[in-house]
Structures are given as C-alpha cells and as structure tokens.
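First to last, the protein sequences are chains A, B and C.
First residue of the first sequence: 2, per the working numbering; consecutive thereafter.
First residue of the second sequence: 65, per the working numbering; consecutive thereafter.
First residue of the third sequence: 3, per the working numbering; consecutive thereafter.
No lab work stands behind these hints: they were computed from the structure.
Cβ coordinates follow ideal geometry from the N, Cα and C atoms, glycine included.
There's no promise every hint is true.
Derived list of chain A stretches under chain B, where covered just means 3 residues or more per stretch with a C-beta under 8 Å from a C-beta of chain B [said to hold, decoys possible]: (1) 2–14; (2) 83–93; (3) 103–110; (4) 119–129.
Chain B stretches covered by chain A per the calculated footprint, using a threshold of three residues with CB under 8 Å from any CB of chain A [what the hints assert, rightly or not]: (5) 229–235; (6) 280–293.
From the structure, some residues in chain C lie toward chain B, with a derived Cβ separation under 8 Å [what the hints assert, rightly or not]: (7) W63; (8) V64; (9) L88; (10) G89; (11) G90; (12) V98; (13) I102; (14) E161; (15) L227; (16) L262; (17) V265; (18) L267; (19) F273; (20) A276.
One letter stands for each residue in the lines below.
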Amino acid sequence: MSTALQVANLRKVFGGLPAANDVSFEVMQSERRLIIGPNGAGKTTLFNLITGDLVADAGAIRLFGEDISRLKPHERAHRGMARTYQIITLFPKDTLEHNVMLALLGLSRVRWRAFRAMASETALRQEARHVLGVLGLAERATRLISEVSYGEKRRVEIAMALAQKPRVLLLDEPLAGLSLEERAQVKALISAIPRDVTVVMIEHDMDTALDLADRVTVLHYGKVIVEGTRSEVVAHPKTREIYLGT
Amino acid sequence: MLIAAVAAILFPLVGGPFYVNLASQIFIAALFAASLNLLVGYGGLVSLGHAAWLGVAAYTSAWLYLRLGLQHAITAALALIMTTATAAVFGAIALRATGLGFLMITLALSQVLWGTAYRWASLTNGDNGLSGLTRPAPFGLSLEAPAPFYYFALTVTAFAIWTMWRFVDSPFGAALRGTRDAPRRMSALGHNVTLVRWLTFVYSGFWGGVAGLLFVYYNKYIHPTALSLTTSAEALLGVIAGGAGSVAGPIVGAAIVLILKNYVSAYLERWNMLLGFVFVIIVIFMPEGVVPGMRRWWLRGRRA
Amino acid sequence: MQFWIIQTLNSLALGGLLFLLAAGFSLIFGLMRIANLTHGSLFMLGAYVGVTVLRFVPNLWVATLIAAVLVAAFGGAIERFLLRTLGGNPLGQVLVTLGISFIVADACLITWGGDPIPIAAPAALQRAVSIGGVAFPLYRLTVLGVAVATAIALHLLMERTRLGAMIRAGVDDTAMAKAVGIRVSKLFTMVFCLGAALAGAGGVIAGPIMSAYPGLDADMLPLALIVVILGGVGSLFGAFVGSFIIGAIYTFGSALAPNLAYVILFLPMIFVIAFRPRGLFGRSAA
C-alpha cells in the first residue's frame, strides 16, 4: 500500500501569520481522509498549497512519491490530482455537458485542436454524458449551469473532478450549503467513488462528513493538532477543546 | 447571412468608386477589429497595443519592397513572419501580467514601436512615411481600381473571419473562453492557461498583420500614425461598440467607427475628440456594446 | 567632458519631470486600480494653461501653481462624475480615461493651435552656473531640485500625515480600509486631484525644456507607463528610481544612438517584467 499524498513540513505565512505552520501528514492509497478544523484553521490554504494555487514558503508535497512542490497547478492535474472548490466555480453560461467537456479536455490532446468544431467532438460529448449519468444528471446535460439547483451544481463540480480520472481527489467542503436531501445524495456519491481514487475532504463541521472518513486530521491555527482513526479523534480531549473552546 | 453575402458581391456594380473604396476600408477595419476581439472578447485580455501588428506588417512589407525590390508574395510572407515573431515576443512579455498590467504593457510596447517608427528615420523615413508602394497583382490581375481591390479585400476578410469563427468554435476556442471565465479552475483541470493565452495572442497578432498588409496595399503608403494609440483605440472601440461576445459584433462595430470617421472628417476636423466622446458614452451607457445595447433599449421601448 | 556633464544633467532633469508625472500615475493606480491614461494629457494641459497664465503673469512659479490647481480641479471632476460611476469596472474606467485623453488633446489643439509654444524659463535661471570649471545650466538644476523637493514632500505626506496613512492603507487593502471607516470615495477624489496637480505642474515646469506642443501627451504617457512598470505600482520610491533610470536611458540613448533611443527603453522594462513582474519596488502586482 503506497503513500498517495505526502505533505512534509509545509509552511505558508501571510503577512506575519502562519496559515500553514509545519504541517505534515500522509494519506495512503485508497484512503478517505477528512481534514477538519474551525474556520480560519488553514484548511483551504492547505488545499491551495497541495494543488499549487499557492506556493509554499517551506516544505514539500509528494504525490505517489513524486515531489510536486515545484509544479504548476495544471501540471499537478496531469499527474492525477483533481479538486473541487468551496465556492462553486463553474461556467454559468455554459451547459452542464460543456462544463464536463472542459474538464475532459484538460487532460486530452483534443484541447489543442483549433479548427474542428466542438460540436463534432462526439466521443468527448458521449463521455461527458456518461460522467453526468453516473452522477444522476444525464437528463440535465443540456441545461445551463445557471438554470440548475445548488445541489446539482455541487454534483457537477464533483462530476468534473471525477472526469479527470484522478488518483487523488481533493474535495473542499463538498457538503456546504446543501439541504438535507441534497446532502444525503452527495454523501452517497462520495461513498460510491471507487477505491482506486484516494479522497481527501475538508469539512469544518465534524458530524456531517465523519462517516465518510477512514482517518481524520484536525487542524487549528495552521497546525496539525490531532490525527488518527475516526474513533480515536472523536474521543481525543484536544478535539473537544478545539470545538468547544475549553 | 446569405443576403449579406450576395449584397457584398454585387455591391461594386451599384456603388460609386467612393463607396466601393469605403467598403474596402471597412473590410480592413473589420478584420483588424475581429483579430483584436479574439483576445478581448474570447480571451478576456484587453490590449491597447494592437496597432503594433498593423505597423510591423505594413512597414516590413513596404521596406522589403522599396529597399530590396522583392515581390509582393515574398514581402507578404516575410511581413507576416515578422509580425508573428514580434507577437510571440510581445506576448511572452505582456502575459507576465493580466488585467490592467497586461493593458499597460501592451500599450507601452506598442508605443515603443510607434516612437521608433518616428525616430529611426534611416529605416522608416520617419515622419515622411514610406510611399511609392504598389498593390500586389495576384495571378496577374491588377488591384489598382476600386472594384478589384474590393473583391480582394472581401475575399481575404471573409476567409479570415471564417477561420476565426472555426477557431472560436473549436475545442481550443472553448478552452480559451474557459480561461477567460475562470482561469484558476481551468488550471486545476489541466489546461495550461498561459500557453493558451500566448497562442491566442500570437494568432491575434497574425491576423492583425494581415489587416496591416491590406492596409498598406490599399493606401500604398505607410506613416508612423498607423502605429499610434489612436489606431489601437479605434479597433478597441469597434470591438466594444459592436459587442465583444461574438465574431460578427466587432465587424459591425468597426464599420460604424469607420463610417463615422469618414463622415465626421468631412465636416469636423476633430475626429479624435469625437472618438473620445464616443468612447466615454459607450463605456458608460452601453458597456455590452452598441448592438446589444440598442437591442436592449428597443425592447424596453416596446414594453413601455 | 562637458558633453557628459550636460547629458547627465539633462537625464536628471528629465528624470525629475518623469517623476512628477509618474508619481501621480503610480498613486492613482496603486490606490484606485485605475490606469489613468489621461495622465499624459493632463501634463500637456498643464503646460498649455501655463502658457496662457504666463501671458498675464510672467512668473513661472505662479503659472505652475495656477496650472496645478486648475488641472487638479479638472481631474477631480473627471473622477467624481465619470470614473466613480464606473466603480468596480476597472476596464471601463481605463477606457473612459483613454476617451478623455483624446478629447483633451483635441481641445488643446483647437484652443492653442498646432505650433509648439515655447515657455521661457525665469530670467534669473536662464544662465549657467560654473562649478569646478564646468557649466551647469541653472534651470535644469532647478527642475531637479523641484523634483527632489516634491519627492521629499510626498514622502513626508505618505509617512507622517494621517492622509498619507489613509492612502497607504487604501493601497494595501481597500476593502479593509473601508471597513475601518476610511472615507474611501473622498480619498479617491483627493488622490486623483493630487496626481493631476503633479502632472499639471510638471507640464509647466517642463515648459522651458520641452515647450507645449500637440503630441506632448503621446510622448510622455508611454514614458510614465514604462517608469511605473519598471519601478513598481504604488511605490513612490519605485517611481523615483524608475524615473531617473528611464530619464538617463532616454537621454543618453537619444544623444548617442537617436534611432534606437526608444528601443533601448524597452530593455529595462522587459528585464524587470521577466524577473520581477511587480516592478523593482512594487507592492501590489499590476
């Protein structure tokens, strides 16, 4: 069992305040890791460092043993990393299908074709429809993003990430802002992700995503405070301290 | 569309030479604006340095013809190579920034060329410009008269616009629009945003150069003013006025700007001032462009 | 020897003038994120206003002051009535400043005609001062002095006054400044007026060296842009250093290789953009 994602002594300082303060952890292949912590704990900063949207001041990031710390975000995508965003970042004036096709293009040579019409890329469209189908959105494929519900948008986000056939999938607060019913749908989706994809999730509310996780890492003020299996972390006194402020 | 095509083809038979020439100028301006729009409307990168491509292509062609006596087929090819190479270099520099930084750098770079055109008199003949140029004669057909040149310009422009339309419609075009709308997201999906933008910049410069060649053939003369900020601004105004969201928009916009310029110049000497006013008015009152803006007002009027 | 001295002094004088122009531009861009393309025209407008004032009051410094005030007022009007309505649309704001620059340029052409109008330096400064056997034209030394004095004054304004603190806060983080209660819209107008005043004053002071002529705006604007790109946006120190570097390159370039002077300007700008896109001392990335 290899280490899918390793973060070693990661440090990022913003104007004097360390948003990531010597963060280290390892996620094994096939694992479902949950990263939790109160608001401002540095979770999204951590994700941005892992994806390359932010450059770390110190430390290293390894994907299946390969040091990717110096790679640009799009290069990391080509190495098998995909992510979703806390604030939904889709292309609102395009159809669901088009959005997923853009995701598929990201890793495909087709993206350099500058003369053939997109409309004639049938293979691409079929694959996009298929991905949307897996997420139960096949009938909505030709609707615009702006026309579908928030829960459906969330599912499209995940669809796009899965379309990249990633080895490591980073989900940034995938359940935020969803109704109870939508939440159950998305949780079912996440559980159904095949085990050849390693999943790392951020949530700031421990209860919601706990049952999806194998292991949990708790962050606070940019540092790893507690780490272990679900039950270990739940029982740990420091966890309660952070959440209840005692 | 078909009606427009037929009208365009039949036009020289009904219009007098002044109007036919005006139409040729419109095609050139439309091509120029459309090439800028690839960058502005589809790439989301506003450049105020588009005049550079017109200038480099025109001057290279003129210089090679006058100083080395080369044939038009060769000078055209070399001019376009020169323009594309310049675009490659300028693009690499300018794309180190985005937004306003990009705007300022493209402006500064283009102004450097403008200043050089004036000062490097031994090369460009400075303020006198380069004259004594001729129009090419493809397949031996003379383009001296208004009508033949009109058809030449029409053919080149139509072909260019068609190619641009295919470009915009292609997977690359879709990726380009993606980088305009959500660049970080596109990066995360695996698209090399900077490369996409740079390629578009160079492609836009290429067609700008083609417009420059048509320009120098039409006028048979090139002067540093062609490289001025006014030229870049007119193209940008054409894009904004016509609406940056489509391939056809800038064509309409460029036509409006050119017609305005021609008629105004007949009555007023102060085209620049009017250009300035039009800019201000359009930006404040009709930011999506004249065409969508007018449609909006029209609909509002009908509802009332 | 004399040649080098003269060129150096010319560089310093040009650098000083560029500073007056670039400082305002940098402040406006740094605080308001507006690339004020009217800036060159404001410089030229100042020069022309100076020409007119000098017909009634033959004192260059009085003319400078009056021009600065009038151009500042004009700038304030532009900001208050046009740019503010486009808040949140930085591209729109830039395009409006472009439009206005065309309007101002043509208005100057209509009002003052197409011929260059020289401005005389104050009689007392029209001679050269001899230091160590070398002659230094006094007016150019004065221009340098004015620029340095202005730089010091601006520095003190920025670092020692409340207004300066508010401006610096606004440059660093506009949203935060608003949240802390700084009246950002008023601040914007004041800074725009300040920038315009500097440009207008610069135009008059440049008069004895450059004259007032149509196209002065188009000649100065790219230089200001290059200075700001080089020195970094929002940094007065960067504008100061950048102005003198560009002043030197342009002056020596024009003297030694006039054909290529403009091309040589290219190089430091490219160098800086390639290695430090923020400019030498920039705070906020362009």
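Consistency of the hints with the structure:
{"no.": "1", "hint": "2–14", "result": "violated (count 0)"}
{"no.": "2", "hint": "83–93", "result": "holds (count 6)"}
{"no.": "3", "hint": "103–110", "result": "holds (count 5)"}
{"no.": "4", "hint": "119–129", "result": "holds (count 4)"}
{"no.": "5", "hint": "229–235", "result": "holds (count 5)"}
{"no.": "6", "hint": "280–293", "result": "violated (count 0)"}
{"no.": "7", "hint": "W63", "result": "violated (31 Å)"}
{"no.": "8", "hint": "V64", "result": "violated (30 Å)"}
{"no.": "9", "hint": "L88", "result": "holds (7 Å)"}
{"no.": "10", "hint": "G89", "result": "violated (12 Å)"}
{"no.": "11", "hint": "G90", "result": "violated (12 Å)"}
{"no.": "12", "hint": "V98", "result": "holds (5 Å)"}
{"no.": "13", "hint": "I102", "result": "holds (6 Å)"}
{"no.": "14", "hint": "E161", "result": "violated (26 Å)"}
{"no.": "15", "hint": "L227", "result": "holds (4 Å)"}
{"no.": "16", "hint": "L262", "result": "holds (7 Å)"}
{"no.": "17", "hint": "V265", "result": "holds (5 Å)"}
{"no.": "18", "hint": "L267", "result": "holds (6 Å)"}
{"no.": "19", "hint": "F273", "result": "violated (10 Å)"}
{"no.": "20", "hint": "A276", "result": "holds (7 Å)"}
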